[in-house]
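Keeping the supplied structure of chain A fixed, place chain B upon it in accordance with the hints.
First to last, the protein sequences are chains A and B. Here the first sequence stands for residues 1 to 521, where the numbers follow UniProt numbering. Here the second sequence stands for residues 1 to 521, where the numbers follow UniProt numbering.
In case anyone wonders, no lab produced these hints; they're calculated from the structure. Be aware that one or more of the hints could be misleading.
Identical chains blur together in the list; that is why a pair holds if it fits in one copy or across any two.
Below 30 Å or equal to it, Euclidean Cα-Cα: the simulated DSSO-like pairs (lysine-lysine) are [as the list claims (entries may be wrong)]:
no.	residue 1	residue 2
1	Lys58	Lys191
2	Lys404	Lys131
3	Lys83	Lys145
4	Lys139	Lys404
5	Lys367	Lys87
6	Lys75	Lys145
7	Lys367	Lys80
8	Lys122	Lys404
9	Lys200	Lys367
10	Lys45	Lys55
11	Lys58	Lys455
12	Lys515	Lys84
13	Lys75	Lys454
14	Lys515	Lys87
15	Lys204	Lys257
16	Lys367	Lys454
Protein chains: 2
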Amino acid sequence: MSQIKLMSRAGRVVSGATAELGETLAVQSQARHTPIRTMCCSNEKTLTMETLNPKIIKLQYAVRGPLVDRAAVIKKELEKGAKKPFKTVINANLGDAHAMQQIPITFIRQVIACAVYPDLIKTADFPDDVKERAQSILKACAGQKSVGAYTSSYGMDMIRNHVAEYIECRDGHPAKWENVVLCAGASSGIKHCLELFCNKVDGKDTGVLIPIPQYPLYSATLAEYGLGQVGYYLDENNGWVLDVAELERAMCDASDKYAVRALVAINPGNPTGQVLKRENIEKIIKFAKENSLMIFADEVYQDNVYAKGSKFYSFKKVMTEMGAPYNTVELASFMSISKGYMGECGLRGGWMELCNLDPDVQANLYKAISAMLCPSTIGQIVVDCIARTPAPGDPSYEQFECEKSNTLDSLAKRAKMIVETFNKMEGFKCNVVQGAMYAFPRIQLPKRAVEEAKKAGVPADGFYAKRLLEDTGICIIPGSGFGQSPGTYHFRTTILPQPKLLKEMLVIFQAFHQKFTKEYA
Amino acid sequence: MSQIKLMSRAGRVVSGATAELGETLAVQSQARHTPIRTMCCSNEKTLTMETLNPKIIKLQYAVRGPLVDRAAVIKKELEKGAKKPFKTVINANLGDAHAMQQIPITFIRQVIACAVYPDLIKTADFPDDVKERAQSILKACAGQKSVGAYTSSYGMDMIRNHVAEYIECRDGHPAKWENVVLCAGASSGIKHCLELFCNKVDGKDTGVLIPIPQYPLYSATLAEYGLGQVGYYLDENNGWVLDVAELERAMCDASDKYAVRALVAINPGNPTGQVLKRENIEKIIKFAKENSLMIFADEVYQDNVYAKGSKFYSFKKVMTEMGAPYNTVELASFMSISKGYMGECGLRGGWMELCNLDPDVQANLYKAISAMLCPSTIGQIVVDCIARTPAPGDPSYEQFECEKSNTLDSLAKRAKMIVETFNKMEGFKCNVVQGAMYAFPRIQLPKRAVEEAKKAGVPADGFYAKRLLEDTGICIIPGSGFGQSPGTYHFRTTILPQPKLLKEMLVIFQAFHQKFTKEYA
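Next comes chain A alone, as it looks inside the complex (with noise of 0.2 Å):
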């Protein structure tokens, strides 16, 4: 009286259509001694592309896609001695300083050393507000002792506290620091942030506004959470401003299908490099509070502000400042130690300060993040000494501010030659780079090349780009993982190689253009 089965065509068993009640039961009290499932043959799997969770399918990341691990697998083959037109892979896909031999910032590094040996405390030549600094971590570590014991899941009270006093200092104007959230870089952050947004409102998906050109976090993540996207146009031709009239255009055309909630803002713009003015941000202001849409201010680049006449301004002091009602929006400002002067990529660490949440959510926000448990110790680290750099007078203070401004003042140059050349180049057209670290010129296509492209099922840019690679060993990431106007080609590259490594790729990618254009002619 065994119940019938069928094999479903993803390899799951079925009840027996046929099967009735009495025997099901039947089975079911007989389940101690016999398989649940028919015995299925041995290359059934249960995770196949059919029964695989279809939003981690839909999921893209171009900073990290096919590209850049065929990147990877043409370093292996030039370390095995391959002949290449080539010597050397130069990565400028990812904004990744230290793997492009920025130089790490020597008192971060020694108290890091200081806290994990504690040893070097004694025997160590280093400065003594090092070793202070060091002493004073070790101290707010469960049992004052190990970096290697959990810190709270929002990180340590004193750095998140040194973290307010920092966005206090930016802003002047107070910050708590219990909204402030230690993540393990922003890219945590914001994941957190964004999946408290899954849910159905007014019968509708939830809709995020969020830029076109974007950082792919958030397409890929709003991929992963089932989120609409909702994009909006940069005005590439107005060095890719925010216009909120664009805003309200992308808003009004999702409104049928989407309730927006949400609006993401890259300041400075990654991959565009744009530093938003002061009234453009009061006015993206205004339009979230007259929409109800949660701010998400991406300000990982605060540091990296280039051109003369550009400054950042948080959306937190400009909201506080326009007073009320605005200054009743609900944001969460999002920072890393990616990337600034400091660039500590691999250590992964960062903060999101959050403003004006409903406290019954934002508890809701905090138990999530606690089954996490905490953000890697050593990138909490990096956020103290950033949040309070050595001060006037102490004896780290002057190379600490030495290295810092020899980093940006060279990002700074690298901005201004990177842009200069390209728009040199025929075909070329790039905005200032006026922060972040990525230059997105806009590229003219040989008509040939689009076609070629299109039979071979790939966007045009990313065909040119894979070219690149194969050509030149350089590594860019096409205008189409990060969304452009329709018809328009981009790239985006990083000004993180060295001043000479970049001026040598900068020459071969004009001799590779002008072959590729001449070929496709």
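Chain B only, in chain A's frame:
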């Protein structure tokens, strides 16, 4: 001709039901100059308990719940001089060895210090193998110089290779480095794999078999992802053994509601401390094969085996030795740097090994992981140190082995002592702690206390744990946070307090229990 807007209860603006199509279109064309929604009152929020992701509301994580928050508050009160019936809070709630004064492994910390501040390779009085290790890690970093560079999203290739070698050596069978993924602790690996299952199969949501009692990361993540929790009870009367008949019972009971597709086994057990016997693991693998389940082998306590006659067998090893068709079961095995003899919780590191996944599925998993950039390089360094420990003859060998065995021996003694003491206490019954870091005794609670708790709307063991904390400063986690058979009461305590403190804790515990029992007699 402006569109009529209505406010829904959650504060969202909805289109007026009376608006005709023509009107709506007219409004859309005006959108550039009119706000899309009417002005909200200033206290209106987009994220409220009504509009928040309901899965986040459902999510619970007892190990860091309100009780632990309360312990932190009490600790601060004590520091400020508040008078309490005790002088210190004893955090026996979390598997956090360093917070309980466990000494870090010197080799690990010296390698990190050198990798973070490479000058120490020249200047510090560290053994040569420390310096060589640090140099090999720096060479494997992008740019070959700094741990501040991002690594591959799956960890440095070199370290993944070392982990594969470790697994081969542990199991006596091959392991592929490409199937090893380094993570920021086991938790993030577990979450990434569980997320793959978010899909309906044959019209049913996916269910996951998890032990009861369980480590609450599982219940929290299932709630967060909307996956079905299918609990199977461990058999307390048989040393918390994992009985396959009970797996069948659980699966059968759930099969109407869920497509059960995965099985979590925690070995050694958390919170239950059992170490699975080889034959037991074989039966579980057979069950998984027969029912097309992917196995999640939570093996983070693989170094923590104390009881005579107990031995750790990995699911991978047993499956491999069972041969076809069992060696084709889909498996993810998880390991962490937070447990074992190293206890480096704060540094966030771990790995997972994937076996027999559909290659397309694995490629999609890898793609999803890539959006989070990379796990902490420091956590990766610890993984390298424990995957490739100093070899006999290496300068650090003896100290490493000595520190490792001191820690594990002491933990074994504490495991024994805690069980013996509990079993001498009236109303306590505790299984042998064969492995892991916790005791999970069953306690009898006076009927009147159970009623009192019911009145207060809290689980009876939660009521007990709260009183224990308030009266003695001892913080444990009630059994209800892990799940338990209905009508039984337990709690989890770590075995991590150092021997002297642990003895003191047990004396205080005994006195409290007597007092509590008397009070509610």
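Comparing the hints with the structure gives:
For a Cα distance limit of 30 Å, the shortest separation of Lys58 from Lys191 qualifies both inside one copy, at 17 Å, and across copies, at 18 Å. Taking identical chains as interchangeable, the C-alpha atoms of Lys404 and Lys131 lie at most 30 Å apart whether they share a chain (20 Å) or sit on different chains (28 Å). Only between protomers do Lys83 and Lys145 lie at most 30 Å apart by alpha-carbon distance; the minimum there is 26 Å, versus 53 Å within a single protomer. For the homomeric pair Lys139 and Lys404, the shortest alpha-carbon distances inside one copy (28 Å) and between copies (25 Å) are both at most 30 Å.
Taking identical chains as interchangeable, the C-alpha atoms of Lys367 and Lys87 lie at most 30 Å apart only when they sit on different chains, with a minimum of 29 Å there against 51 Å within one chain. In the homo-oligomer, the alpha carbons of Lys75 and Lys145 lie at most 30 Å apart only across protomers (17 Å), although the nearest pairing inside one protomer, at 42 Å, exceeds that limit. In this assembly of identical chains, Lys367 and Lys80 lie within 30 Å of each other by CA distance solely across copies; the values are 27 Å between and 49 Å within a copy. Proximity of Lys122 to Lys404 under the C-alpha cut-off of 30 Å is found in both arrangements, the shortest distances being 27 Å within a copy and 25 Å between copies.
When the C-alpha separation of Lys200 and Lys367 is checked against a cutoff of 30 Å, the pair qualifies both within a copy, at 21 Å, and between copies, at 27 Å. In this homomeric assembly, Lys45 and Lys55 come within 30 Å of each other (Cα to Cα) both inside a single copy, at 19 Å, and across copies, at 28 Å. Proximity of Lys58 to Lys455 under the C-alpha cut-off of 30 Å is restricted to the intra-copy arrangement: shortest distance 23 Å within a copy versus 49 Å between copies. For the identical chains of this complex, Lys515 and Lys84 are intra-copy neighbours only, at 17 Å inside a copy versus 80 Å across copies, given an alpha-carbon limit of 30 Å.
Taking CA atoms no more than 30 Å apart as the test, Lys75 paired with Lys454 passes inside one copy only; the shortest distance there is 28 Å, against 65 Å between copies. Taking the shortest Cα distances, Lys515 and Lys87 sit within 30 Å of each other inside one copy (19 Å), while across copies they are farther apart (77 Å). For a Cα distance limit of 30 Å, the shortest separation of Lys204 from Lys257 qualifies both inside one copy, at 7 Å, and across copies, at 26 Å. Taking the shortest alpha-carbon separations for Lys367 and Lys454, only the inter-copy value of 24 Å comes in at or below 30 Å, while the best intra-copy value is 48 Å.
In terms of the numbered hints stated before, the structure departs from none.
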